[in-house]
Amino acid sequence: MPLVKNPPLSPLQSPTPRQNQLLAALPAADYERLLPHLELVPLELGVALYESGGQERFAYFPINSIVSLLYVMEDGSSAEIAVVGKDGVVGIALFMGGESTPSRAVVQSAGYGYRLGPSALKSAFGEGGELQHVLLRYTQALITQMAQTAVCNRHHAVEQQLCRWLLLSIDRLLPQITASQGLAAAP
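Counted from 1, the sequence shown has number 35 at position 36 by numbering that gives the first Met the number 0; the numbering is strictly sequential.
Source of the hints: derived by calculation from the structure; they are not laboratory data. Incorrect hints may have been included.
As the list claims (entries may be wrong) - Cβ pair distances, simulated, as ranges:
no., residue 1, residue 2, range
1, Gly127, Glu73, 34 to 40 Å
2, Thr138, Ala78, 19 to 25 Å
3, Pro35, Met72, 27 to 33 Å
4, Gly75, Ala27, 43 to 49 Å
5, Pro14, Asp74, 35 to 41 Å
6, Pro101, Ser122, 22 to 28 Å
Note that the Cβ used here is the ideal one computed from N, Cα and C, for glycine as well.
Generate the whole structure from the sequences, applying the supplied hints.
Structure follows, in structure tokens:
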């Protein structure tokens, strides 16, 4: 399958790290400390940011892309356990103390993100403060998403699973959705 090119960024879409909600939640001092270490990178459809059992070389903060976290079984089959978009970060093992991860991270929707090297992330996280608090809260939300995904995959029909996946994707891509009760109720 050919890879889809990343959408071009126009001058009206000048990317900034604050387009990622975790980075946007940081106080100015914490944000300014990370800023010189953040690098804008394309996240191309189908590219694996890391493999199951491998080391995470960077943390990725998507701004207009989605990354699927997949759990890979011994036989090579896999199942999606979470999706990360502008709301989060890919690479929590870097600040949670893990040397490797059991999941595989694959770009599901092409776009851009900011990557941060492990030394800058570990240093800032180790200082405590708001960055540590924001990342720990996000980690709890990611664990909750994984638990909800497991329950949904086990107990819901395929149509319900698709609806859940679509809603998660929309939440992570679009800045907002405007709808009225009348529009939602229309046949």
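Ser122 and Pro101 - C-beta distance against the hinted 22 to 28 Å: Because 25 Å falls inside the window, the suggested range holds.
Pro14 paired with Asp74, Cβ distance criterion 35 to 41 Å: Since the Cβ atoms of Pro14 and Asp74 sit about 39 Å apart, the hinted range of 35 to 41 Å holds.
Ala27 and Gly75 - C-beta distance against the hinted 43 to 49 Å: At 46 Å between Cβs, range holds.
Glu73 and Gly127 - C-beta distance against the hinted 34 to 40 Å: Check passed, 38 Å falls within 34 to 40 Å.
Beta-carbon spacing of Thr138 to Ala78 - inside the hinted bounds 19 to 25 Å or not: holds, 20 Å
Hint check for Met72 and Pro35 - Cβ pair distance inside 27 to 33 Å: Cβ of Pro35 to Cβ of Met72: about 40 Å, so the range 27 to 33 Å is violated.
In this structure, only the earlier hint numbered 3 is contradicted, and the remaining ones agree with it.
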